[in-house]
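Peer 1: Chains as they are written, first to last, in full-length UniProt numbering: chain A, 1 to 399; chain B, 1 to 171.
Please note that the accuracy of each hint is not assured.
[Unchecked claim] Listed next, the in silico SDA-like pairs over lysine to any residue satisfying Cα-Cα at most 25 Å (straight line):
(1) B:Lys77 to A:Pro71
(2) B:Lys77 to A:Glu85
(3) A:Lys82 to B:Tyr112
(4) A:Lys82 to B:Ala79
The set of hints was computed from the structure by calculation and includes no laboratory data.
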Amino acid sequence: MSTTGTPAAGSTSPDFTIDPGSMRHLAQAQVNVELDTGDMILNLGPQHPATHGTLRLVVRLDGERVISADPIIGYMHRGYEKITEFRTYPQVTTLINRIDWLSSFANEVPFVSAAEKLMDIEAPPRAQYIRTILTELSRIATFLLFLGEMGLQVGALTPAFYGFRDREHILNLIESATGGRFHPNFNRIGGLKDDLPWGWLAEARSAMQVVFDACDTFENLVLGNEIFAARCKGIGIIPAKLGVAYGVSGSNLRASGVDWDLRRDGDPYLVYPELDFKVWTHPDGDSFSRYFVRLQETRESARMVLQCLDAIPAGPVMTKVPLIIKVPAGEVWVENENPLGQMGYYVVSKGGTGPFRVKIRSASFSNISILPWLLQGVYVPDVVTILAGLYFILGDIDR
Amino acid sequence: MGLIEKGLMPKPLTQLLNYSRKYSLWMFQWGLACCAIEMGAALASPRYDMMRLGVIPFPASPRQSDLVVISGTVTDKMAPAIRRLYEQMPDPKYVISMGACANCGGPYWDSYSVTKGVDQIIPVDIYIPGCPPRPEALLQAVVMLQERIQNEGIGNDELAQRWRGEKITVA
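Modelling step: build the complete structure from the supplied sequences, incorporating the hints.
Peer 2: Structure representation (structure tokens):
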């Protein structure tokens with residue numbers, strides 16, 4: 001079939017004839033031209049199981065590959081830094097429990113020690129030991145959840161059940177000591193609310209055995225799993241220098257081979273200088289090594305708790321403090337190694353019953369600031385792996 | 001069934017339908033803050049095991065769910081998303097507000113960014129107090145909700161009047 005063009009009046013385009021023999025080539029050319037499909041924009045969150053709550057990720061996709069990812073935060077912003085200006089010091093500890101809600105006790109310690117530094121008092125040795133034990137217990141509880149959750153995110157449901165099961169043992173301990181399963185609010189400026197209940201030390205010893213067993217289980221079940229290794233090895237590599245530049249801290253940075261732990265390298269706090277523990281690192285910096293480091297740190301925490309249980313001295317748990325706490329004017333910066341990384345408080349006091357200003361440096365906020373860089377060029381299923389491996393808490397990001 | 005639309009359900013049939021409805025609650029988990037972990041413990045931990053109550057916690061979307069548990073702080077930025085997903089749920093739908101934040105703002109009652117109570121946005125059936133509530137409290141809330149479902153009429157008029165009933169608080 002031959003087609004002859006009939007140009008419209010006044011048009012300058014020439015007549016053209018298409019040879020039917022050439023049509024086949026034209027058709028082939030159409031097939032071979034790569035279709036430009038445009039980018040697809042995928043909205044992960046704000047309600048998505050992989051985002052641990054309410055992180056929203058706007059991901060631009062080219063097929064299965066991520067071109068760019070934008071974390072949109074603020075869905076859990078509760079205005080801590082503003083509220084602390086209207087609260088007294090003992091009331092603030094109630095609030096900051098809930099910043100990183102998995103390891104509530106570890107949040108309290110830096111703030112309370114900041115107030116103690118300004119008042120120039122120190123908690124008695126027994127209180128220091130109990131604080132160390134409870135901080136490490138909350139670290140164990142956080143990491144046990146991570147060890148289970150990470151399995152869940154790459155498609156294995158069983159580890160999540162194990163994680164929740166073994167975590168209950170730790171929560172029982174925290175509850176029997178503090179009265180709160182989740183948010184203990186146990187620290188007082190100058191010590192602790194109560195002494196440990198009778199028989200608690202023996203309970204804690206047997207619970208640590210559960211933790212060691214749980215770590216063995218996770219090592220065999222998850223870390224030794226071929227599918228897990230295939231999903232996580234070489235995924236989401238954070239180079240050490242870049243991690244430091246972005247302010248990544250804690251286990252995420254140690255998994256990139258940076259040997260830095262505030263419990264050992266920072267300003268000495270609690271009884272960590274007297275404990276014998278190893279800071280685990282891993283040279284790879286991928287999601288797999290983050291799992292490895294956290295698994296080893298869980299064991300190391302359990303060992304630290306056992307050491308504290310052996311060495312805990314007798315004595316009071318509270319120093320003498322005035323009934324109404326007024327903190328002298330001054331400024332202080334205290335940072336601790338929280339389960340998720342470096343957590344610090346910059347407290348400015350003007351001599352009143354409440355702080356004038358509190359700046360909260362939370363670990364997860366800096367940890368996820370690397371996400372836009374980290375998610376570039378990865379595949380969609382790896383986004384979930386990377387998010388799970390970085391292990392952030394939304395309250396810790398948004399505050 | 002034409003009978004349902006006319007609101008003319010024989011009582012035994014109502015009871016039978018309610019009985020099957022209350023033991024297959026598809027629950028959409030709206031995990032927001034601290035309470036989400038306790039909700040996770042209630043669902044995933046073998047110690048509490050909420051699924052034995054007939055709650056199925058894994059709907060892929062709100063369009064497949066009967067029950068939503070708002071667990072945690074609702075911020076003003078999050079509120080439109082909650083309203084939107086609630087409206088996607090098919091009727092009859094039930095809401096459990098878990099924790100002090102979702103009930104009334106909780107410790108953030110004077111914060112500039114927190115919605116003081118999810119009941120300002122969506123109607124709530126059951127309130128669970130606590131900060132955070134224990135997993136047992138969530139189980140209790142589900143049992144109370146099942147009681148309410150069992151006693152519901154399922155004619156059109158009765159469903160329309162559902163929100164005039166008393167609100168339940170887990171104590």
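Peer 1: Each hint needs a verdict: does it hold in this structure or not?
Peer 2: Now for the hints, and whether the structure bears them out:
Proposed proximity of B:Lys77 and A:Pro71 is supported: the alpha carbons are some 15 Å apart, at most 25 Å. At most 25 Å may separate the alpha-carbon atoms for a hinted pair to count; B:Lys77 and A:Glu85 meet this at roughly 23 Å. For the proposed pair A:Lys82 and B:Tyr112, the alpha carbon gap of about 9 Å is at most 25 Å, so the pair holds. Our distance criterion of 25 Å between C-alpha atoms is met by A:Lys82 and B:Ala79, whose separation comes to about 21 Å.
Comparing the model with each numbered hint stated earlier shows that all of them hold.
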